[in-house]
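Knowing the structure of chain X, use the given hints to seat chain Z on it.
2 protein chains.
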Amino acid sequence: MNTEEVAKKLVDYCRNGEWMKALDDLYSKDIVSVEAQAGENMPAEMRGIDQVRGKTAWWEKNFEVHSAKVGGPFVARDTFVVQFDIDVTENASKKRMQMSEVGIYTVKDGKVAREEFLPLAQQKE
Amino acid sequence: MNTEEVAKKLVDYCRNGEWMKALDDLYSKDIVSVEAQAGENMPAEMRGIDQVRGKTAWWEKNFEVHSAKVGGPFVARDTFVVQFDIDVTENASKKRMQMSEVGIYTVKDGKVAREEFLPLAQQKE
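Chains X and Z, in that order, give the protein sequences.
Numbering-wise (numbering that gives the first Met the number 0), the first sequence opens with residue 0 and increments by one.
Numbering-wise (numbering that gives the first Met the number 0), the second sequence opens with residue 0 and increments by one.
Same shape as in the complex, but just chain X:
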């Protein structure tokens, strides 16, 4: 698959909430996944499909997704960008939050080899 084909499949999976299927079908076993910031028990950068599956399983277990708006993909060469507007509740705190971010994805040999997430900057007051 070329970059655009991978990108469109990923967007389809995300629109259906099939995060784990996206990993199984589209991700390199050597995936590098980079969040903007480290979490409490989670480094910002994870390497390998097993670590990234772990992150996705943690996410599915700890958050209830009310809606996910998925924009894009925007595609050029080996890179694509997807925009996410996600409305979730954290199960532990019952805190409901709206998160906006983009993912920048790099495709190599028909698989996602790197993903990097960038949150929307705080807007001016």
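Identical chains blur together in the list; that is why a pair holds if it fits in one copy or across any two.
Straight-line alpha carbon distances no greater than 30 angstroms define the calculated DSS-like cross-link-like pairs of lysine-lysine that follow:
| hint | residue 1 | residue 2 |
| --- | --- | --- |
| 1 | K68 | K7 |
| 2 | K8 | K68 |
| 3 | K60 | K7 |
| 4 | K107 | K8 |
These are calculated hints, taken from the structure and not from any lab test.
Chain Z alone, transformed into the frame defined by chain X:
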């Protein structure tokens, strides 16, 4: 300025249509600017502030911008992403078009050192 400060200033200039001011204020003299595809008389990749000023001048001369919606910035580390939805008419052909794309920007020493543009992929019929 850090990445977020550069990103927010760039978004402000773009929202005001001040494309040339953004270059003067925020861009490295060694800027590398990469379009998704080469144009008729324009390579996909341009290097140096003079070439990029030339591209912007060409754009301002040849297109009338009716509206520009600028989303973001999305920021992490040395990278930020801005989304553009632009409604323009090409002066020569009088053809009106709606263009959606994102720019991925890399900041180095407080200046934009690289920008790369990715158009929205064609949607399914």
